[in-house]
Every structure is written in C-alpha cells, then in structure tokens.
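Undergrad: Could you put together the complete structure from these sequences and hints?
Line order of the protein sequences matches chains A and B.
Counting from 1, one number per residue, gives the positions in the first sequence under the working numbering.
Counting from 1, one number per residue, gives the positions in the second sequence under the working numbering.
Since the hints were made in silico from the structure, they are not lab data.
A portion of the hints provided could be inaccurate.
SDA-like, lysine to any residue: derived pairs with alpha carbons at most 20 Å apart [as the list claims (entries may be wrong)]:
hint, chain 1, residue 1, chain 2, residue 2
1, A, K56, B, D15
2, A, K248, A, A381
3, A, K56, B, P90
4, B, K83, B, G70
5, B, K83, A, E105
6, A, K248, A, V307
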Amino acid sequence: MVDVRPAPIDLLVIGAGPAGARAALRAQSCGLEVLLVDENGDAGGQVWRPLPPGFKRAAGVPHSAEALQGDALRAELGRSGIQCLFGHKVWNVGSSLRTDLIGPEGVASWQPRALLVATGTTERVVPFAGWTLPGVIGLAAATILLKSQNMLPGRRTVVAGSGPLLLAVANGILKAGGEVTAVLDLASRGDWLQTLPSLASRPDLLWQGAQWQARLRRAGVPMLYRHGIASVEAGGKGFRVHAQQVDKTGMPVPGAASPIFEADAVAVGHGLVPGTDVTRLLRARHRYEASRGGWIADADPQGRTSVAGLYVAGDGAGIAGAAAAGIHGELAAVACAHDLGRLSAEAHTRERDRLLAQWHKPARFGRAMAGLMALREGTVASIASDTVVCRCEDVTRAEIDAAAREGARDMNQLKAWTRCGMGPCQGRTCGDVAAAVLAVHVGSREAVGCFTGRAPLRPVSLAEVAGNYTYADIPIPKAAPL
Amino acid sequence: MKKSSTSPAPSLRADQAVRRGPAMQILVDGCPVDAFEGESVAAALFAAGRRELRRSPRDHAPRGMFCLMGSCQECLVWIEARKLPACQVPAAAGMEIETLGFREQRLG
Numbered sequence: 001m002v003d004v005r006p007a008p009i010d011l012l013v014i015g016a017g018p019a020g021a022r023a024a025l026r027a028q029s030c031g032l033e034v035l036l037v038d039e040n041g042d043a044g045g046q047v048w049r050p051l052p053p054g055f056k057r058a059a060g061v062p063h064s065a066e067a068l069q070g071d072a073l074r075a076e077l078g079r080s081g082i083q084c085l086f087g088h089k090v091w092n093v094g095s096s097l098r099t100d101l102i103g104p105e106g107v108a109s110w111q112p113r114a115l116l117v118a119t120g121t122t123e124r125v126v127p128f129a130g131w132t133l134p135g136v137i138g139l140a141a142a143t144i145l146l147k148s149q150n151m152l153p154g155r156r157t158v159v160a161g162s163g164p165l166l167l168a169v170a171n172g173i174l175k176a177g178g179e180v181t182a183v184l185d186l187a188s189r190g191d192w193l194q195t196l197p198s199l200a201s202r203p204d205l206l207w208q209g210a211q212w213q214a215r216l217r218r219a220g221v222p223m224l225y226r227h228g229i230a231s232v233e234a235g236g237k238g239f240r241v242h243a244q245q246v247d248k249t250g251m252p253v254p255g256a257a258s259p260i261f262e263a264d265a266v267a268v269g270h271g272l273v274p275g276t277d278v279t280r281l282l283r284a285r286h287r288y289e290a291s292r293g294g295w296i297a298d299a300d301p302q303g304r305t306s307v308a309g310l311y312v313a314g315d316g317a318g319i320a321g322a323a324a325a326g327i328h329g330e331l332a333a334v335a336c337a338h339d340l341g342r343l344s345a346e347a348h349t350r351e352r353d354r355l356l357a358q359w360h361k362p363a364r365f366g367r368a369m370a371g372l373m374a375l376r377e378g379t380v381a382s383i384a385s386d387t388v389v390c391r392c393e394d395v396t397r398a399e400i401d402a403a404a405r406e407g408a409r410d411m412n413q414l415k416a417w418t419r420c421g422m423g424p425c426q427g428r429t430c431g432d433v434a435a436a437v438l439a440v441h442v443g444s445r446e447a448v449g450c451f452t453g454r455a456p457l458r459p460v461s462l463a464e465v466a467g468n469y470t471y472a473d474i475p476i477p478k479a480a481p482l
Numbered sequence: 001m002k003k004s005s006t007s008p009a010p011s012l013r014a015d016q017a018v019r020r021g022p023a024m025q026i027l028v029d030g031c032p033v034d035a036f037e038g039e040s041v042a043a044a045l046f047a048a049g050r051r052e053l054r055r056s057p058r059d060h061a062p063r064g065m066f067c068l069m070g071s072c073q074e075c076l077v078w079i080e081a082r083k084l085p086a087c088q089v090p091a092a093a094g095m096e097i098e099t100l101g102f103r104e105q106r107l108g
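TA: And the structure:
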C-alpha cells in the first residue's frame, strides 16, 4: 500500500519571490525546518526571474540590478541548504494546512505547522476590442519575455496601460534592439509628479526612471500621457492600434483625436492584483483595498491572517514592491518562529521593531507605484458590450450586464449565471475587472465580493492526482452489524 | 540540421546580455521548429512566428500566450501526454508538442 501520510514540516512557504525566499531564510535562521515551494524552475519570483535553464549571463556587459539581486538571492538559498521544491504547483490546501503539490515526479503532500503564502500578484488587463488576439500580451509578460527569455515581444511594439512597468518594458525593448511604436500611459505627467515625494526615499530608482525617460526621448518614441487603447485590429502584416485620449478616470474624452499606430505586438497592463487563491481557499477574512491592488487577506503588520497558522507576505498581501516584500517576508518569518515557540517574546519584539523600521521607506515608494496602477473606473465603464471579459469562457461584458440586470448580486452568482471565472484560469485573469463591472450594478466591490476559492488551484488531471493509488488502497469499512 | 520553414527574419531573440543554450529543434504538430535549449516552449513558438496556439471554446477565436507566468492558461498545449501551459515548460531537443486543435483532429 502506498504511504499517503503527508510529510511533517514546521513551515511551508508558497512562492520563492523576494518575500517567500527571504521568509524561508529568516525562518531557518530561527531554527525552523522550512520547505520552500515554487511553480517556477528557480527562485526569484517575477521581479527577479531567473534565466531559463542552460542560459548564462554574457561576460563583459553590465547587468541590471534586478538580475544581480536575483542571482545573489538564488546563491544564498543554495548555500542555506533549505529544502526547495521548484517546478511544483500547489493545487490544494486543506483546512489543517495540509498542502498538496504536483511536480514533475507526481503528487506529494506536506503537513506544515504553519503556512506562509507569498504568491505575489497577477496582472490586470482591462479588456478592449482585440485584447485576445495572439501577439497582444501583458506588460508583466513582456518583462518576463525580455529579462528571462531575452526575447522581444515584436519588432514594433505598442506599450500601453499604467504604472512603472510601462517605462521598464519600453526601455527593455529599446535595449534589446526592438522598436517602440508608442507608449500610451493612462496617467498624466502630473500623476507621476505626485509620486516624487515618495521617490525621494529611493534616489536610485528616481535616477533609473529619469534615465529611462531620457532614452525614450532620444529614440524619438511618442509618449502619450492620458491615453489608452480603444481597440487593436489585426490586418495585413500586423496590428492597427487605435489610441484614445482619456480623462483621469480612464474614460475616453469625446471628440478627441484618436491616433493610429502600426505595430506587430502590443504589451498592455493596468496594474497588479494580489494573488489570494490560497487564502480564499482557506476562507481567511479578506478586505478590499483598491490602492493596494484589490482584495487582500486581512492581516496584522506581520502577515498573521484570521486563520491560525496561516501567514501572508509580499505583494500578494497588498502591493508595496519588491524591496518591501523581502522585509515583509522576514517580518512574517519572525512572527511564525515566535508563534511556534522558537523565538522568545523579547527577541521577537526586538526583531519586529527593527524590521518594521526598515520596511517603511521601500513600502512608501511601492505604495506610490501601486497607486499609479490602481484600477481606474472609467476604463471599466468604457469596455464595449461585445468585448470578451472572461477569456477562458468567452463571456462578454454584455452577458455580465445582463446577468446583473436579471439579479446576479455577487461574484459567485455571476459565475453560476454566465460561466465567467469558471474556466481553467479560475478567474485570476478576469476576476478583478468582472467584479468592477458587476459592482457598477450592485453598488460596491465589497458587496459583490470575489470568487470563492476552490481547488484545484491549478488544472491537474485526475490521473496525476490519483498518483500510484490502486483499488487495494481504498479502505473498506467493516460491514455494520445487522 | 534540417532548416525549419517557420523561423521569420529578423529574429526576436536578443543576445546582448545572454548566452543561450544550444540550438536544437522541437517537434510541433509533427513539424520541426528551431529553438534553443531551455527557452520556454511558448517563447520558442512565439519566436518561430507561431503566435496562435489554440481557439477559444465558444467563439473559436485565435488565442496565444498572454501572461507568461503560468496563470492565464491561454498557452495550453500537449507536451508528451500532459496538457501544460507552454510558458512553464523549458524546451528540450526532440520534445514533441501538439496544439490542442491538432490533437483533437488527429484523434478525431
């Protein structure tokens, strides 16, 4: 008979980005036995994403700070001897925190005493006509393509949306030898200027931003502030991207000129949404905070959630950026070590206060950036009725509106009514925008809530989950006495 | 090595900061596609000009890689008997990949 008892561990950390990796390292130094799990091939998360296996950084060329920070973190993890399971997806977590994984060798289950969720964010893209065309990709996707795969999204790319990724992607494209047809930014120059006080705490990033701006100017890239994409049409050899001027909510300005750009790729994103799959699955209490990305688990400053033994850290706990995420991970780790009886109250208080003092500056900067990326209601209001919102199930805006008029009042009802969010992505792609559409009918984001978390968190086949199970493994209860 | 017919010029690969793994081929719907060891299957197909990976279930509209981080599931393909997001799988020499539509037709 196959042994199916989950393996015991003190702390299981899901996600090996800055928050999860730093948490694992800190927890280990407090004497906890730690397991670090990530679905990617190595640590680093999206911000410090590693090169693909077999790739090497070229000698004699300067590498980005992000590349070097990621390499340093991976080296530190390697030296630490922390048990890492990369290429493993968490597909289920039970109420006892039992965590079910699936990896290249099949399924495995672990029973941690504490679970730390550091699953980062997914990207929000507010739909427009043509956003499902192959060749239209997310801004975050473009950063992965550029810094990990070392590949351009196209020869001529329109970069559109909001937040700091716009400049990062546009510059990455130029650096890699591509052409940026235009940058369309929902923000105004004034919106960016308002972030300056918080940027003052990070002169390195302020300088980087200025260099990026200068490079785009030198390359003659049109920078259109307060502009978004009205539609992308496929035609001939590439795309025709129809831009439109918008107001500060993202709503198109009637009668304004609508420039057209020819491109063969579009990279577009409207901010990041905290990944709450696991905390929703465990029915932790959540709250809606638009300025921190949307729905986040209700947690204390050290990431303790409403569920005993369940912690959150990093951008998945509310967007504050990579630098703050690492410190947040350490804050959660010391909380966990204390709660599990491995760190004295005195040592815990000292470490917590020191880390909180460090966290403040980078978090202030990260939250200013999160503010630029917050969902703008005008972009949602202007989604055309025949535009697909839920990509997995081809559910249009009109169908969501119709369900709301017929009485769908929250996200689960919407799902049952229309299949919106019922596809393989589990609503990660459409959930935030679909909720914003429904909230216009119902009154608030709080009222419509979010999709109830359900296993499997990632698509798995029945054969994979069954693993080596045979009929002989099925316990046969004794017959009840007659 | 047999020359693939799908690679457009100029390449989307940018080699200023990196040395790629060895050049090799993968098999996509039975046809060889040039790629480099370790590239994600999604990126390799994208660079080869194969942007459409499948059709959407209701509208049968073309879809391709979108999030590149294993979340959106738009780039699902069959890779050696498992249905996986192509963006999460490193390409290896001789790897056999089938798009969902191709496999459906093959199996009738």
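Undergrad: Next step is simple, just say for each hint if it's right about the structure.
TA: Verification of the hints:
1. A/K56 / B/D15: Satisfied, since the Cα-Cα distance of roughly 11 Å is no more than 20 Å.
2. A/K248 / A/A381: With Cα atoms ~13 Å apart, A/K248 and A/A381 stay inside 20 Å; holds.
3. A/K56 / B/P90: Holds, at roughly 15 Å.
4. B/K83 / B/G70: holds, 12 Å
5. B/K83 / A/E105: Cα-Cα ~15 Å, so holds.
6. A/K248 / A/V307: violated, 39 Å
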